[in-house]
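As they're listed, the protein sequences go chains A and B.
183 is the number that the numbering used here gives to position 183 of the first sequence; each next residue is one higher, with no gaps.
81 is the number that the numbering used here gives to position 81 of the second sequence; each next residue is one higher, with no gaps.
Treat the hints as calculated values from the structure; they're not laboratory data.
Some clues are possibly wrong.
Computed from the model, here is a short list of chain A residues facing chain B with C-beta under 7 Å [to be verified]:
| no. | residue |
| --- | --- |
| 1 | 5 |
| 2 | 29 |
| 3 | 172 |
| 4 | 181 |
| 5 | 186 |
| 6 | 187 |
| 7 | 197 |
| 8 | 200 |
Each residue gets a CB set at the ideal place from its N, CA and C atoms; glycine is no exception.
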Amino acid sequence: MLKRMRPLLGTFVEIQLVDTGALAENQYQDVLSGAFSAIEQIHNLLSFHQHSSDLSRLNSAQNQWVPLHPLSIQCLKLARALTRISKGTFNCTLGKAIVDKGALPAPDYINTRSDWLSIGNWDDIEIQTQQARLRRPVLITLDGIAKGFAVDIAIRYLQHQGVASAWINAGGDIRVYGSAIIPISIKDHLGQLHTMGGLQNAALATSTTHASAQYPGLVLGNNAEPVAAGTWSVIANSAWRADALTKVAVNLAEHERGDCLRKLGGNWITLATDTPSSATFPRQQLSE
Amino acid sequence: MRNIPGFISLPLALIAPAVIVNAAHAEDYLSIAQAQKVLFPNASIFLESAIHLSDEQRAQIKKIAGVRQRNPIQQNWRAEQDGKLLGYFLVDDVIGKHEFISYAAAISPDGKVIGIEILSYRETHGGQIRKPEWRQYFSGKTLNDKFKLNKDIPNISGATLSCRNVTDGVKRLLAIHKIALTQA
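So here's chain A without its partners, still in its complex pose (with noise of 0.2 Å):
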């Protein structure tokens, strides 16, 4: 069996292998536990909860210098810029905000002082090539991009040991590549589900929002407040775009979320109101 799935990232993680390339049939299980390995490496490095991940050092040590692992210096490089050129629609530095709304725990550290800001600036977190540190008092969360980046990670790790052709899904943050082309639904925030086509090199994200009280909004609007109930799906390149542009698109109005989005290299999906009932659809090729 080339597929196979375990619980990480708090949610269930699936790779197949379609075409495995250049590997050996004995290396096949080896591989896959390469790639469920670099996922939870990933999710070690940058997990909110966890006391003693690189990002959790970077939180509690508010204004002094923390060596980071190289992967934690790449993703937070990545947050930070998207965080500067998305003008806040996506924004890593809002920790304090969600932990205000329950949706994250309190570290322990919270209680070093009382000034946090509930949400900050891209300029807040300066990186240096092996260090980093916070300028200011915010709570750097990654949630809105960790789990997309480590897909990445994965990929590209399977991509290094010669699988041809594979894809993974992190509890919906799904990249594919190679020759398979995979069947997609989206499951929106109503728990309908919608038949969306194939996906074939590229990655796809969908973040759900709800407005009840029960579940206090895992997405945050740029007003630090819980954004109505809906679905956003984006296509990119990449899956820790995807993952973060959903974010963009949920705090950007309707008429500007496609160029917005498109400029940040995603590609914003209107949900299918009808199932495809027929193979009528001209074959179309990525537009990425």
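Got chain A sorted already, so can you dock chain B onto it with the hints?
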């Protein structure tokens, strides 16, 4: 019919009829033997046994893990390499509101999780899963059996599923390890 930008239209055969998708998302990943090999690649032998848990032990498990141990019998395998104990391989099921999951956990002799693999995953309507005949249908299946449904099951993006059930289950297995699996 309209195109969805970014998606490639699929021939009809590849698109699962919505009614099947909605009824049950069923997927098999590894057989027990395959999972043993994945989680303990160096083991030369797996010795099977069953732990019979007393009521007292089950109460202890609840206390340690915070989750109830329903089954008084816990199947497990000792993974050994040339007579040396590498760890324990345990198979467990968790039943969630919308899913039924079989998984395997590898636990080291000193009680650390070496790895977890999902053996099978079935998504279903909440009501369906509590029917005993439904459960029997799946428990009678060997994991190598293929379900026809699988082929056309789409990847689902959105409404991220929590793996809390499984992580709670693993806590339970660690508690079982602590109170009922003696170290060699």
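Status of the hints after comparison with the structure:
| no. | hint | in the structure |
| --- | --- | --- |
| 1 | 5 | 4 Å, holds |
| 2 | 29 | 5 Å, holds |
| 3 | 172 | 4 Å, holds |
| 4 | 181 | 6 Å, holds |
| 5 | 186 | 5 Å, holds |
| 6 | 187 | 4 Å, holds |
| 7 | 197 | 3 Å, holds |
| 8 | 200 | 6 Å, holds |
The earlier numbered hints are all upheld by this structure, with none contradicted.
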